[in-house]
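Colleague: For reference, the chains in residue letters:
Number of protein chains: 2
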Amino acid sequence: MLHDITITQFTKMLQNLSQCLDKAAAYCGAKKVEPEVLLSARLAPDQFQLMRQIQVACDTAKTGAARLTGKEAPAHQDDEVTLADAKARIEKVIAYLQTYSAKDFAGADERRVSQPRWAGKYLTGHEFAVQHMIPNFYFHVTTAYAILRANGVDLGKKDYLGAMPFKE
Amino acid sequence: MLHDITITQFTKMLQNLSQCLDKAAAYCGAKKVEPEVLLSARLAPDQFQLMRQIQVACDTAKTGAARLTGKEAPAHQDDEVTLADAKARIEKVIAYLQTYSAKDFAGADERRVSQPRWAGKYLTGHEFAVQHMIPNFYFHVTTAYAILRANGVDLGKKDYLGAMPFKE
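Chains as they are written, first to last, in numbering that gives the first Met the number 0: chain D, 0 to 167; chain X, 0 to 167.
Be a bit skeptical, because a hint or two may be false.
Copies of the same chain are indistinguishable here, so a pair counts whether it falls within one copy or spans any two.
Below, in silico cross-link-like pairs of lysine-lysine (DSS-like), each with a Cα-Cα straight-line distance of 27 Å or less [what the hints assert, rightly or not]:
id: 1; residue 1: 11; residue 2: 120
id: 2; residue 1: 86; residue 2: 156
id: 3; residue 1: 11; residue 2: 22
id: 4; residue 1: 157; residue 2: 120
It is worth saying that the hints were derived from the structure and are not from the lab.
Whole structure, please, built from the sequences with the hints as guidance.
Modeller: Structure (structure tokens):
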């Protein structure tokens with residue numbers, strides 16, 4: 000379950016986010032706006048700008064997967080500037096997530112998960128995934144979407160959710 | 000797992016949201032702003048206002064829980080006007096979620112879940128929870144938070160996430 004609700008679903012959400020950036024690029028073309036204007040936009044003066052929301056969404060998926068499975072996540076430099084850079088960052092993280100299989104998550108629910116800033120304290124993998132990783136991931140994806148939406152990009156809930164595997 | 004990741008965690012997030020509304024009330028008092036100004040604020044002209052984001056977050060939790068378990072959720076009238084009304088709506092949904100136990104979720108992963116607007120098509124309960132209910136719930140909670148944040152309410156990520164059950 001943890002593999003499916005993090006790796007599989009986060010991959011889908013990151014793909015959706017990348018497609019939202021395609022719509023942002025089209026919007027910038029039509030409105031003759033520099034894409035960097037959108038990438039530096041934010042909802043509040045002391046909240047992260049769009050590019051940082053994308054980077055943190057990526058890192059939440061990447062480091063969360065690694066922490067749940069006892070692996071080491073690759074470092075990314077946060078040196079993205081353009082929309083193409085942002086999409087490439089997302090692609091790198093999607094490719095990294097694809098290296099995980101359900102087997103990697105054996106024992107993940109009980110694993111002790113910590114972060115440097117937690118000063119030696121830990122959560123179980125289950126607590127970490129449910130109370131920290133998942134809400135954080137959706138927070139940053141939704142905020143990225145909200146910044147685009149607040150700036151006039153033509154997005155709707157379907158762009159955020161992606162296609163549903165409906166059955167008849 | 001489905002009970003924990005929806006009922007238990009959504010309850011926590013709704014409590015966090017209610018506490019964000021307390022901070023909004025304090026902000027309105029200090030700034031001499033009518034709380035209804037915040038409740039009618041939105042991030043884009045064609046996106047839901049704060050009150051509606053709260054109502055939809057509540058409904059996503061309520062109807063999602065009912066659909067996953069084959070129950071009927073209570074109707075709420077969407078007639079809230081004040082911050083106190085919004086908090087009372089959240090409280091009603093939290094109380095409803097507390098009527099669920101893990102046992103209610105036996106077979107929920109395989110249950111056929113549909114909605115009137117899906118015209119007879121369905122998702123499995125697992126697909127519905129992971130790809131629809133969870134991302135939708137976090138979408139509306141995060142957007143409610145973002146509207147408050149964009150309007151100057153003193154909130155941070157900890158208000159959104161709530162306390163972590165850290166162990167030493």
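Colleague: If a hint holds in the structure, say so; if it doesn't, say that too.
Modeller: Results of checking the hints against the structure:
no. : hint      : verdict
1   : 11 / 120  : between (31 Å within a copy, 21 Å between copies)
2   : 86 / 156  : both (20 Å within a copy, 25 Å between copies)
3   : 11 / 22   : within (17 Å within a copy, 34 Å between copies)
4   : 157 / 120 : between (39 Å within a copy, 17 Å between copies)
In this structure, every one of the numbered hints holds.
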